[in-house]
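> Assemble the complex: chain A is given as a structure, and chain B must be docked to it using the hints.
Protein sequences appear in the order of chains A and B. Residues 1 to 118, numbered by our numbering, are exactly what the first sequence covers, in order. Residues 1001 to 1111, numbered by our numbering, are exactly what the second sequence covers, in order.
If you're looking for bench data, these hints aren't it; they were derived computationally from the structure. All values derive from a computational prediction rather than experimental measurement. We put the CB at the ideal spot given by N, CA and C, even for glycine. Check each hint, because a few of them may be wrong.
Label pairs and their in silico Cβ distance ranges [stated by the list, open to error]:
1. Arg63/A <-> Gly1040/B: 19 to 29 Å
2. Lys1056/B <-> Ala14/A: 45 to 55 Å
3. Gly1053/B <-> Asn77/A: 38 to 48 Å
4. Glu1041/B <-> Lys57/A: 21 to 31 Å
5. Leu118/A <-> Glu1041/B: 19 to 29 Å
6. Lys57/A <-> His1075/B: 33 to 43 Å
7. Ser79/A <-> Ala1078/B: 29 to 39 Å
8. Glu1017/B <-> Ser79/A: 26 to 36 Å
9. Gln1080/B <-> Glu54/A: 40 to 50 Å
10. Gly52/A <-> Ser1007/B: 38 to 48 Å
11. Pro8/A <-> Glu1038/B: 12 to 22 Å
12. Gln1080/B <-> His73/A: 34 to 44 Å
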Amino acid sequence: DSGVTQTPKHLITATGQRVTLRCSPRSGDLSVYWYQQSLDQGLQFLIQYYNGEERAKGNILERFSAQQFPDLHSELNLSSLELGDSALYFCASSPHAGLAGGLGGELFFGEGSRLTVL
Amino acid sequence: TQLLEQSPQFLSIQEGENLTVYCNSSSVFSSLQWYRQEPGEGPVLLVTVVTGGEVKKLKRLTFQFGDARKDSSLHITAAQPGDTGLYLCAGAGDYGQNFVFGPGTRLSVLP
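Just chain A, same shape as in the assembly:
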């Protein structure tokens, strides 16, 4: 058990709909990362929050948005869903603001939320 909790574990919805994925980081971790994992794209970094502020942005679509709340939990909002958005969405947490050179901080991943868009 990594200590990172993600809900829901599975979600099936239709194209055009909107969903919210939730992540609770490990106790004490200030950074939350969101990743998308699909069979053909691998593990793609979407966005990182550190202590409530956006820290880094990756390949996140404009239809997607995220936020981190004062209690440090985070939500990833996916809207106008398309078939290609079907994937596993992982949240990871870390005590670090980023991976400063040589620091090599560990990412702790949740079990993921499997989204299926029909």
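What follows is chain B alone, placed relative to chain A:
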């Protein structure tokens, strides 16, 4: 954008065999990590290497970071079915903001 390549993409071997998987990039990384992901779970960190030429051992797993810090290898001795999973390498650039993952090597160890 820093890109990581991993090879082979798939590997199926018999229990007891040795294997090596590779992680390569044209970019220099300040640190490189290996994760293992089992079905239905998130990736779990195996090791972090930060110094060029560094070798780390974790039981039957040996990790090496290239001298130029652009590549890494993972060698498994006497593979066991419990080693089955997706092995991911991930690199942190010198700027250290984003964690880039390779596409992974999917290993299957048959009893």
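> For every hint, state whether the structure bears it out.
Evaluated hints:
1. Arg63/A <-> Gly1040/B: 19 to 29 Å: holds, 27 Å
2. Lys1056/B <-> Ala14/A: 45 to 55 Å: holds, 47 Å
3. Gly1053/B <-> Asn77/A: 38 to 48 Å: Cβ of Gly1053/B to Cβ of Asn77/A: about 44 Å, so the range 38 to 48 Å holds.
4. Glu1041/B <-> Lys57/A: 21 to 31 Å: holds, 26 Å
5. Leu118/A <-> Glu1041/B: 19 to 29 Å: Holds, since Leu118/A and Glu1041/B (Cβ atoms, about 25 Å apart) stay within the stated range.
6. Lys57/A <-> His1075/B: 33 to 43 Å: holds, 36 Å
7. Ser79/A <-> Ala1078/B: 29 to 39 Å: Hint violated: Cβ distance 49 Å, outside 29 to 39 Å.
8. Glu1017/B <-> Ser79/A: 26 to 36 Å: violated, 48 Å
9. Gln1080/B <-> Glu54/A: 40 to 50 Å: holds, 42 Å
10. Gly52/A <-> Ser1007/B: 38 to 48 Å: holds, 40 Å
11. Pro8/A <-> Glu1038/B: 12 to 22 Å: holds, 20 Å
12. Gln1080/B <-> His73/A: 34 to 44 Å: Since the Cβ atoms of Gln1080/B and His73/A sit about 38 Å apart, the hinted range of 34 to 44 Å holds.
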